[in-house]
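Let the hints inform the model, and build the full structure from the sequences given.
Every position in the sequence shown, counted from 1, becomes a number in this note's numbering once 319 is added.
Don't read these hints as lab results, they were simulated from the structure. Please note that a few of the clues may not be correct.
Said to hold, decoys possible - The following label-pair restraints were derived from C-beta to C-beta distances:
# : residue 1 : residue 2 : range
1 : 414       : 447       : 45 to 53 Å
2 : 551       : 406       : 21 to 29 Å
3 : 517       : 356       : 36 to 44 Å
Note that beta-carbon positions come from the ideal geometry of N, C-alpha and C, so glycine has one too.
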Amino acid sequence: MAPDDALASGQTAGGRDRMLVLDICSSSGLEDWSPDLQKAKVYERILLDLILGRLAPGARLDEQSLAARYDAGLAGVRDALGRLALEGLVIRRARSGTTVAPLDLVELRQGYEARALIEPHCAGLAARHASKAEAEAIRAAFDGGEQAARERNLPALVAMDQRFHAAVARAGGNLALARILIPLQHKAARYWVFSFGAATEAELIADVEQHRAVADVIATGDVEGARLAMMRVLNIMPEATRPMVQG
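This is the structure in structure tokens:
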């Protein structure tokens with residue numbers, strides 16, 4: 320896909336499924352950015368398009384084109400790109416501009432290993448510390464998940480997954496871990512989307528059920544059970560992705 324095509328694709332598709340977005344800024348450890356700020360809204364919209372591949376790996380991102388695409392000011396776009404660069408989702412260079420980060424298999428494996436160490440611990444912390452409202456928010460993240468899986472509604476599944484993992488990380492009460500974990504989840508979602516076409520309906524539904532099982536255990540306060548349930552989530556992935564992580 321040519322760089323300008325990357326900006327054009329999804330231009331009109333964004334309205335409804337961008338509204339699915341993620342609630343990242345208010346639920347993921349980005350507490351220094353109010354979700355009402357324009358840069359926070361632009362960040363979420365660019366993030367979703369990066370995850371969904373509407374902004375393709377290697378595509379050049381022109382700030383003015385992005386401002387027009389998202390009906391935003393240049394300052395908000397620049398701030399959003401700066402944050403995405405810190406997460407490693409885009410690459411900014413002084414004279415060549417900003418491009419979408421490539422999909423790198425070494426980075427995928429390393430990110431998976433890091434998540435396998437951190438995320439079960441965060442689930443255990445959530446079981447210990449989550450309020451009733453936080454536990455309910457974790458479970459509600461996958462409301463309608465089976466239907467989305469049957470319909471192969473990729474934007475909905477991505478939004479559910481990101482909301483779920485962000486809610487678990489926040490409910491654990493350790494913002495230092497949340498700040499490490501959530502960018503890893505954003506990167507992992509790009510690879511999951513890449514393999515989505517090869518995932519069966521059974522795999523997608525199993526993934527929804529496993530996430531919901533984590534929520535159920537967290538609600539009981541079972542710390543070790545929550546850790547184990549999250550480990551099972553991390554072991555469930557489409558077969559197209561598994562060799563990239565484990566190979």
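Quick rundown of the hints versus the structure:
1. In this structure the hint that residue 414 and residue 447 lie 45 to 53 Å apart at CB holds, the actual value being about 50 Å.
2. Distance hint for residue 551 and residue 406: a CB-CB separation of about 26 Å, consistent with the stated range 21 to 29 Å.
3. Separation of residue 517 from residue 356 is about 38 Å and conforms to the stated range, judged on CB atoms against 36 to 44 Å.
Taken one by one, the earlier hints all hold for this structure without exception.
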